[in-house]
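**Q** So you can see what is in the structure, the chains are spelled out below.
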Amino acid sequence: MRARGDEPLDISDDRWGETTGVLRGLLFENVILKDTKVRPTFVECQFHGCQFSNVGSAGRFWGALNLWTDCSFSGVEISAAISPQNRFQGCVFSDVYLKRYEPSETAFVSCEFDRLKIEALRAKPNMRNRNIRRRIRDAWEFPEIDLMDDQGVSVLFDRCRFESPEFRNCRFAHVRFSRSRVESPQVVDSEFSGASSESPWWDETGGGDVDEAYKNALIEAVEGELGRDSWTFGKLQECGAQYRGRDFRMKWSGMVIDAGIPDAEYDALERIIDRLRDRFA
Amino acid sequence: MCLVAQDPWGNFRFPEELEQSKNRFAFTGHFFDTETDLYYAKARHYQPELGRFITADSFLGEFDDPPSLHRYTYAHNRPTYYVDPDGHAVITTALIVGALVGVIFAEGKVIHEEITAGKELFTLDPNKGVSGGEALKFGAVAGAATTAAILTGGATLSATGALGIGGATIGTTGATTGSALISSVVGGAAGGYTGGLLGGVAAGQGLAEAHEQGKIGMLGGAVAGLAGYGAGAFTARLLGQGAVASGVSAFAGGAGGDYALQQTSVAFGMQEEVNWWQVGLSGAVAFGANYGSRGGLRRAAVVSREDAAILKSIRRHSERLVRRRAMSNNPDVIDQVNMIRHRLHQGRRGPAGSRFHSLAFHFVEEAQSRGFLSSLSREPRVMAPFWSAAKYRKPDFGFSMSRDASAADWHGFYDIKPFRPDPSAFNLTPQFRDITRSTGITPIPLYYRIGL
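Keeping their order, the protein sequence lines are chains A and B. Per the working numbering, the first sequence runs over residues 1 to 281. Per the working numbering, the second sequence runs over residues 282 to 733.
Derived by calculation from the structure, the hints in this document are not laboratory data. Backbone N, C-alpha and C fix where the C-beta goes; we use that ideal spot for every residue, glycine too. Among the clues, some could well be false.
Within a straight-line C-alpha distance of at most 30 angstroms, the following computed DSSO-like cross-link-like pairs (lysine-lysine) qualify [stated by the list, open to error]:
hint	chain 1	residue 1	chain 2	residue 2
1	B	K672	A	K124
2	A	K37	A	K117
3	B	K323	B	K496
4	A	K34	B	K496
5	B	K698	B	K672
6	B	K675	B	K323
7	B	K496	B	K593
8	B	K675	B	K698
9	A	K99	A	K37
10	A	K251	A	K99
11	B	K323	B	K672
12	A	K117	A	K235
13	B	K593	B	K675
14	B	K323	A	K37
15	A	K34	B	K593
16	B	K675	A	K37
17	A	K117	A	K99
18	A	K37	B	K496
19	B	K323	B	K593
20	A	K124	A	K99
21	B	K675	A	K99
22	B	K593	A	K124
23	A	K124	A	K251
24	B	K593	A	K251
25	A	K34	A	K99
26	B	K675	A	K34
Coverage of chain B stretches by chain A, computed from C-beta distances (three or more under 8 angstroms per stretch; other residues unrestricted) [to be verified]:
hint	region
27	324–332
28	647–658
29	689–700
Turn these sequences into a full structure, and let the hints steer you where they fit.
**A** This is the structure:
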C-alpha cells in the first residue's frame, strides 16, 4: 500500500476500527491514518514515511516484528501494547500517550518524542530467543539486536531526543538510553533500578517506589469507595503496617481475601484492583 | 481484464504479457508478485518454476490421503486435476458434489422428459434409470459450479440448490433463521407445501385443490422436518461435527418432507406408490442448498501444532495456579488467582470463569511478547450472519495471517469454556454456530476445570 507520487495516501476509514485479525507482511509507504481506532494487529509489516494522527488502539497496534521508519505519531493513544521485536527509526512522536506499556525487544533509533506520556511502563526481560532472532534477520536489518542481547536490554532508546516527557508509575528495568537527550522530564513514582545509560538523566540516588505508590493508591481508593470504617480498609491498614513495597504488593490480596472479606465489599474491591492494574507497572 | 497464457504450474508462457496489464491475479486466482516471482496463495507462497510451495503446509495432511502428507507439493503434483485455493487443501470434494448434483440433474432431466411425453408427475416410472453419460455431463457442469461456489463463497451452489422443489427451501430457511430446529420444521413444511402445490398443478388440479393438497403436504413435511432435526442432532452428538449434522438434518428434512407428501398422496389415491428417486432428489437438493448457504466447504482449522500446544499449556498452567499447584511471582497474576479462588469459594462459577479468562489472556500476552502466537488475535470480532441476534461474535482467540487490509483470513478459533464431557457441547450454541456460518470454521473449546 503506497502513495503515488509525493502526495500521501489517506487510508483512514471506519474499517480499521472494525476489522480484526493479523495483517502480515504488508508494506505501507507514505500513507496517512487518522481519527480512527485501529483494531488489527500488524505482524512483519513495514511502515515508511507514514503519518498516524488521533489514532487510538487497545492492544497490539504496534504488533510484532514491524519496522517503522520516518513515521510520525501525533495524538496517538495506545493502551496495553507490548510491541515485541519492533524497530522505530527516525520517527517523531508528539503528544503520544502509552498506557500500561509492556514492550519487549523494541528499539527506538534517532526518534524524537515531544510531550510523550507513559504510564505503567514495564519492559519484559530480553529472552534471546534464537527462533525469533532468525525471524528478525529474515525480515530486515535490526543491527541493535545483538548489542541488546549482550547487554540484556529489552528496550533501547538510541540517539533519541525527549522534550517534556512524563513518566508515571514506570519501571525502567531492562531499558537503556544510549546517546539520548531528555529535557524537562516529569517523573512520578517511577523506578530506575536496572536501567542503563552512559549518562543517566535520572537521579540515580532517588527515584520512586512503584509498589509503595500502588499501596497508597489502593488504600486511598478503598477509603474513597468503602469508607474508613469498612472491614477492607481496616485490614489493608493492618497489612500495610506489616509489609512494605514489593512484599505488600505480593501479599495483600491473599491476606484480605483469605481473612474473609464481606461479600458486600468484595465487588468494589475487584473493580479497584482492575482499575489500578492499568495504572501501575 | 486481461488474458495471459500459462502452463499447468502457473508459469507465464509469455512474461511480457505481465507488462501489458496491471492485473496480477492470475493462476487459479492467486496474486502474482513480480518482485519475487511467487504466487501469494493465502496461507503460503507458491513458486511456479519449482511447482512447490516455499514453506511447509501448517495443515499436516490426512493419513488416508497420502499425497496430502507431503507438505510442499502443489495440488498433489496434479495441477491439471486439482487446484489449491488457499495453500492448505486441494479441492477434491468438488468432484464428489459434482457427481452427486450430476446424478440429481440427470434424474431431473429424465423426469422432465417423461412429463413432456405426457406422463403426470406422480405416475412416473420409478425404475427408469439414469444415463451415465448424462450424469457425467451434468456432473462436469455441477463440479465447475461447485468449485466456483467454494471459491466465491457458495453463492453459485446456493442458487443451484434454490432451483429444486420440495426440500430445497430448508437450506435457505436455515440460512434465514439460523436455527437448526426451526429451519428443519419450517423447511420441511414449506417443502411439503411446495411439492404438494406443484404436484397438484402438474396433475391438472385447480389452484384451490392444489392448495389443499399443499396444506396436507405441509403437515407431513413439518413432521418429517422434525425427524430430520432429530437425525441431525443425533449425528452431531455421534460425530461432534456441526456441518455434518446440518447436512444430515437438511437431507433428512428434505427427503422426509417429500416422503411424507408422497405417502399422503398415496393415501388419498392420487399416486400409486412412493417415488424414491423423487425422495432422494428432494433430500439431495436440500443438502445442496444447505451446503451452498454455508459458503462452500467447511475448512479445517489449520492452526499450527506449536500454537495449539502453547494455548493448551497456558490453559493448563492457569488451572494449576488456581489449584495452588503452581505459584507466581507476578503480583497481577497473584491478584487474579486470589480473585478466582474467592469466587469459587462464593460458589459463583461465572465470575470465576471470567477471571480465568483474564488470567489466560495475561499469559497469552507473555507468550506474544516473546515472539510466539504472533498470528493470534485476542477476542477478535467476527462478523455474525445478518440474521443473528448479535452483530459480532468474539471468540477468545483467533488465528489469521491475512495480507488483505480489509479482511481477516481466519485459520482457526479457540474459546475458553468450562469442561463438558461431550466434545461437541458448544457446537450448537449461538456463538459457535454464528462463527461457523460466517467463517466455515467451528471454534475449538479450550476446556478448563478449576476447583479449590
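**Q** For every hint, state whether the structure bears it out.
**A** Structure-based check of each hint:
no.	hint	verdict
1	B/K672 <-> A/K124	36 angstroms, violated
2	A/K37 <-> A/K117	19 angstroms, holds
3	B/K323 <-> B/K496	50 angstroms, violated
4	A/K34 <-> B/K496	59 angstroms, violated
5	B/K698 <-> B/K672	21 angstroms, holds
6	B/K675 <-> B/K323	23 angstroms, holds
7	B/K496 <-> B/K593	53 angstroms, violated
8	B/K675 <-> B/K698	13 angstroms, holds
9	A/K99 <-> A/K37	15 angstroms, holds
10	A/K251 <-> A/K99	25 angstroms, holds
11	B/K323 <-> B/K672	26 angstroms, holds
12	A/K117 <-> A/K235	34 angstroms, violated
13	B/K593 <-> B/K675	19 angstroms, holds
14	B/K323 <-> A/K37	26 angstroms, holds
15	A/K34 <-> B/K593	38 angstroms, violated
16	B/K675 <-> A/K37	18 angstroms, holds
17	A/K117 <-> A/K99	8 angstroms, holds
18	A/K37 <-> B/K496	54 angstroms, violated
19	B/K323 <-> B/K593	26 angstroms, holds
20	A/K124 <-> A/K99	15 angstroms, holds
21	B/K675 <-> A/K99	24 angstroms, holds
22	B/K593 <-> A/K124	23 angstroms, holds
23	A/K124 <-> A/K251	22 angstroms, holds
24	B/K593 <-> A/K251	29 angstroms, holds
25	A/K34 <-> A/K99	20 angstroms, holds
26	B/K675 <-> A/K34	26 angstroms, holds
27	324–332	violated (count 0)
28	647–658	holds (count 9)
29	689–700	holds (count 3)
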